[in-house]
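2 protein chains.
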Amino acid sequence: MNLEELDTPVLLIEQDALKRNLERMQEIILRAGITYRPHAKAHKSPDIARMQLDYGASGICCAKLSEAEVFAEEGIQNILITSPVIGASKIARLIELSSKATVMVVVDNEENLHDLSIFSAAAGINLKIIIEINIGQNRCGVEPEQPALSLANVVKKTKNLTLVGLQGYNGSIQMLKNFKKRSMEVQKAMLPLIKSANLVRNSGQDFSILTGGGTGTSTIDADAGILTEIQPGGYIFMDSCYQNVGWGNNNKIPFEQSLTVMSTVISSPSSNRLILDMGLKSISSDQGPPIVLDLPDAKFKFAGEEHSELFWETENSSLKIGDKVRFVPTHCDTTVNLYDNFFVYSGNSVNDIWPISARGKSQ
Amino acid sequence: MNLEELDTPVLLIEQDALKRNLERMQEIILRAGITYRPHAKAHKSPDIARMQLDYGASGICCAKLSEAEVFAEEGIQNILITSPVIGASKIARLIELSSKATVMVVVDNEENLHDLSIFSAAAGINLKIIIEINIGQNRCGVEPEQPALSLANVVKKTKNLTLVGLQGYNGSIQMLKNFKKRSMEVQKAMLPLIKSANLVRNSGQDFSILTGGGTGTSTIDADAGILTEIQPGGYIFMDSCYQNVGWGNNNKIPFEQSLTVMSTVISSPSSNRLILDMGLKSISSDQGPPIVLDLPDAKFKFAGEEHSELFWETENSSLKIGDKVRFVPTHCDTTVNLYDNFFVYSGNSVNDIWPISARGKSQ
Numbered sequence: 001m002n003l004e005e006l007d008t009p010v011l012l013i014e015q016d017a018l019k020r021n022l023e024r025m026q027e028i029i030l031r032a033g034i035t036y037r038p039h040a041k042a043h044k045s046p047d048i049a050r051m052q053l054d055y056g057a058s059g060i061c062c063a064k065l066s067e068a069e070v071f072a073e074e075g076i077q078n079i080l081i082t083s084p085v086i087g088a089s090k091i092a093r094l095i096e097l098s099s100k101a102t103v104m105v106v107v108d109n110e111e112n113l114h115d116l117s118i119f120s121a122a123a124g125i126n127l128k129i130i131i132e133i134n135i136g137q138n139r140c141g142v143e144p145e146q147p148a149l150s151l152a153n154v155v156k157k158t159k160n161l162t163l164v165g166l167q168g169y170n171g172s173i174q175m176l177k178n179f180k181k182r183s184m185e186v187q188k189a190m191l192p193l194i195k196s197a198n199l200v201r202n203s204g205q206d207f208s209i210l211t212g213g214g215t216g217t218s219t220i221d222a223d224a225g226i227l228t229e230i231q232p233g234g235y236i237f238m239d240s241c242y243q244n245v246g247w248g249n250n251n252k253i254p255f256e257q258s259l260t261v262m263s264t265v266i267s268s269p270s271s272n273r274l275i276l277d278m279g280l281k282s283i284s285s286d287q288g289p290p291i292v293l294d295l296p297d298a299k300f301k302f303a304g305e306e307h308s309e310l311f312w313e314t315e316n317s318s319l320k321i322g323d324k325v326r327f328v329p330t331h332c333d334t335t336v337n338l339y340d341n342f343f344v345y346s347g348n349s350v351n352d353i354w355p356i357s358a359r360g361k362s363q
Numbered sequence: 001m002n003l004e005e006l007d008t009p010v011l012l013i014e015q016d017a018l019k020r021n022l023e024r025m026q027e028i029i030l031r032a033g034i035t036y037r038p039h040a041k042a043h044k045s046p047d048i049a050r051m052q053l054d055y056g057a058s059g060i061c062c063a064k065l066s067e068a069e070v071f072a073e074e075g076i077q078n079i080l081i082t083s084p085v086i087g088a089s090k091i092a093r094l095i096e097l098s099s100k101a102t103v104m105v106v107v108d109n110e111e112n113l114h115d116l117s118i119f120s121a122a123a124g125i126n127l128k129i130i131i132e133i134n135i136g137q138n139r140c141g142v143e144p145e146q147p148a149l150s151l152a153n154v155v156k157k158t159k160n161l162t163l164v165g166l167q168g169y170n171g172s173i174q175m176l177k178n179f180k181k182r183s184m185e186v187q188k189a190m191l192p193l194i195k196s197a198n199l200v201r202n203s204g205q206d207f208s209i210l211t212g213g214g215t216g217t218s219t220i221d222a223d224a225g226i227l228t229e230i231q232p233g234g235y236i237f238m239d240s241c242y243q244n245v246g247w248g249n250n251n252k253i254p255f256e257q258s259l260t261v262m263s264t265v266i267s268s269p270s271s272n273r274l275i276l277d278m279g280l281k282s283i284s285s286d287q288g289p290p291i292v293l294d295l296p297d298a299k300f301k302f303a304g305e306e307h308s309e310l311f312w313e314t315e316n317s318s319l320k321i322g323d324k325v326r327f328v329p330t331h332c333d334t335t336v337n338l339y340d341n342f343f344v345y346s347g348n349s350v351n352d353i354w355p356i357s358a359r360g361k362s363q
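Chains A and B supply the protein sequences, listed in that same order. For the first sequence, counting from 1, position 211 maps to 211 in the numbering used here; every step adds exactly one. For the second sequence, counting from 1, position 204 maps to 204 in the numbering used here; every step adds exactly one.
Chain A extracted, bound-state conformation:
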């Protein structure tokens, strides 16, 4: 089947570009002698998770419990849940999940540790805990150093819990445009993590994992050698946002854009305007409008949930009703979450359909 035969809007992955991204991340990791645990929130696809494991990933990250449940059900064996799991109902689900896969969960407060302990004890299991440290993101995370040590001490004295590592993630520096500035910010962000790790270790509690980082800092994190594993998500697809970010090394971006949305021209109201069947429900807008491919003179605007518009200063040179137009999303994660399937292609041929099994799993 050819790409043009697909009904639209449809979410496409260029298989060869995806493969090269997987290879490049593996190279980065092998060179640095660390491991990586890609963030599955970016793709929500068991097929891609299995590929990442084939390319050397040590496991996956999931943002939420319900996302992790889908991947465990699909046989993914090693999962870190990167947000706290709060409340009796979800903790019960977490314990159930840990009977199906090796699960680690992030914690940033004492009461949550207490709750996790009660349920773990009742199930007769030992739950693996990663303490999240706030290294500048100012989202979840206990403050570094003394507060982190105090929380680690609570883990130590709480039954059925084992501290296996610390997480420090700073999303706000992932897209800093200047590579040197980004590198310096990584160094700065790693300091409180190192200090906290040293404090905990010096108190007599050992652990093996320092986890964090993302696509934007992946090469920097790898070179810095502080994190034992990194958590890149978007590297497989590359949001168009990353196009404006400097990468050092003569600005060569280490990853390629592999994800696009294909739409169809459904109306041609005037000689310089076209209406497409793609709107806010089929490509995300939270990081700005998508980038149109192969039409350098065309301007884009959303026209509601189900439509968008391409327009030209003068005339639309070539497109007519029924023609297909492709876009690179500015934010892959939120675009992927709108679809049930990836259509995977090489050249002009559709090779496969991969279900986005964890779509909508935000609990």
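If you are wondering where the hints come from, they were derived from the structure by calculation, not from laboratory data. This structure is a prediction, so every number in the text was calculated from the model and none was measured. Check the hints yourself; a few may be wrong.
No copy labels: a pair is met if it fits in one copy or bridges any two.
[To be verified] With a cut-off of at most 27 Å between alpha-carbon atoms, the simulated DSSO-like pairs for lysine-lysine come out as follows:
| no. | residue 1 | residue 2 |
| --- | --- | --- |
| 1 | LYS177 | LYS301 |
| 2 | LYS301 | LYS188 |
| 3 | LYS157 | LYS320 |
| 4 | LYS324 | LYS100 |
| 5 | LYS128 | LYS320 |
| 6 | LYS324 | LYS301 |
| 7 | LYS299 | LYS324 |
| 8 | LYS320 | LYS301 |
| 9 | LYS181 | LYS301 |
| 10 | LYS128 | LYS180 |
| 11 | LYS320 | LYS156 |
| 12 | LYS320 | LYS159 |
| 13 | LYS177 | LYS19 |
| 14 | LYS301 | LYS19 |
| 15 | LYS180 | LYS252 |
Dock chain B against the given chain A, drawing on the hints supplied.
Chain B in isolation, oriented as in the chain A frame:
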């Protein structure tokens, strides 16, 4: 089951408020002596569509073919597809659909009429056509008057097609704040529709339907008496955007907010900040941030796809980890499209779960 027992993020409908909205729209319609065909793109729920039919709707609108397929499969018998259906594959699906339900489809160009005719003839059916007129939205739609007449003449001479009406919708005036201004814009927008209808009728081609309008202009459209049916979508839920829109009649808004997203506090990093488990993947941002309920001093910001933050000038007075916080979406349509189910409640009791069966159906 109580609301607080639900895992979050979760999409909630207050059943009594929804019912009152259904009643009020029926009153508006009965008083005006017209019909209404609510837009199912707002809810994507066969349960709600059936309720709308119980409350006097003549059928439903769907934005896209794939959305219509879901409703027809669920037994909804009268469907208008409000966007052009383009391309052989989709037209084949449309013809198949019309064997299951009474389907009308919007058209705005001659080639599409030709394609629809070929497939209709092959299936031995007569397809019901609504010509879309551009009444100021500048999206899809043929220009009014002579171009509209020309297209109607093509329908007339094309076999296996029957003209049943004209559609004129102007979304850009739905949220004009000033009620009087909005009323005047409705009058202005109706003129090209009336003129086009008269031209077509005077040419000897009759039809019964003039369809258009939305929630924001529903009372105005009903009083104006030009449209034979109106297409309100959001009236069942009421986006928070509509709060700032004037409604005449002492500014009494005819509909109530019935849709909320409930989230949970999962981290409490400081005395004036809380982190919630709701982010860009669980409530839409395209019309701005959602409105937090019952916490007048709290400020909101998104913190990525999976989190958001509540913060206070001074101290968070009352909330702690595990507490639930509810939000009114600024844009119901795009928020509903993120979920698989509505949880329906009265008071504090969960009454029902309604599947959002057409979620993601943007083709």
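Okay, the hints, checked on the actual structure:
In this assembly of identical chains, LYS177 and LYS301 lie within 27 Å of each other by CA distance both inside one copy and across copies; the values are 25 Å within and 23 Å between. Taking identical chains as interchangeable, the C-alpha atoms of LYS301 and LYS188 lie at most 27 Å apart only when they sit on different chains, with a minimum of 25 Å there against 39 Å within one chain. In this assembly of identical chains, LYS157 and LYS320 lie within 27 Å of each other by CA distance solely across copies; the values are 24 Å between and 69 Å within a copy. For the identical chains of this complex, LYS324 and LYS100 are neighbours neither inside a copy (43 Å) nor across copies (29 Å), given an alpha-carbon limit of 27 Å.
For the identical chains of this complex, LYS128 and LYS320 are inter-copy neighbours only, at 25 Å across copies versus 57 Å inside a copy, given an alpha-carbon limit of 27 Å. Only within a single protomer do LYS324 and LYS301 lie at most 27 Å apart by alpha-carbon distance; the minimum there is 17 Å, versus 36 Å between protomers. When the C-alpha separation of LYS299 and LYS324 is checked against a cutoff of 27 Å, the pair qualifies only within one copy, where the shortest distance is 16 Å, while the shortest distance between copies is 42 Å. In the homo-oligomer, the alpha carbons of LYS320 and LYS301 lie at most 27 Å apart inside one protomer (18 Å), although the nearest pairing across protomers, at 41 Å, exceeds that limit.
Taking CA atoms no more than 27 Å apart as the test, LYS181 paired with LYS301 passes between copies only; the shortest distance there is 26 Å, against 33 Å inside one copy. Taking the closest pair of Cα atoms, LYS128 and LYS180 never come within 27 Å of each other, the shortest separation being 36 Å inside a single copy and 63 Å across copies. For the identical chains of this complex, LYS320 and LYS156 are inter-copy neighbours only, at 24 Å across copies versus 67 Å inside a copy, given an alpha-carbon limit of 27 Å. In this homomeric assembly, LYS320 and LYS159 come within 27 Å of each other (Cα to Cα) only across copies, at 24 Å, whereas the closest approach inside a single copy is 67 Å.
Taking the shortest alpha-carbon separations for LYS177 and LYS19, only the intra-copy value of 26 Å comes in at or below 27 Å, while the best inter-copy value is 51 Å. With identical chains, the CA atoms of LYS301 and LYS19 are never at most 27 Å apart, being 32 Å at best within one copy and 36 Å at best between copies. In this homomeric assembly, LYS180 and LYS252 come within 27 Å of each other (Cα to Cα) only inside a single copy, at 14 Å, whereas the closest approach across copies is 57 Å.
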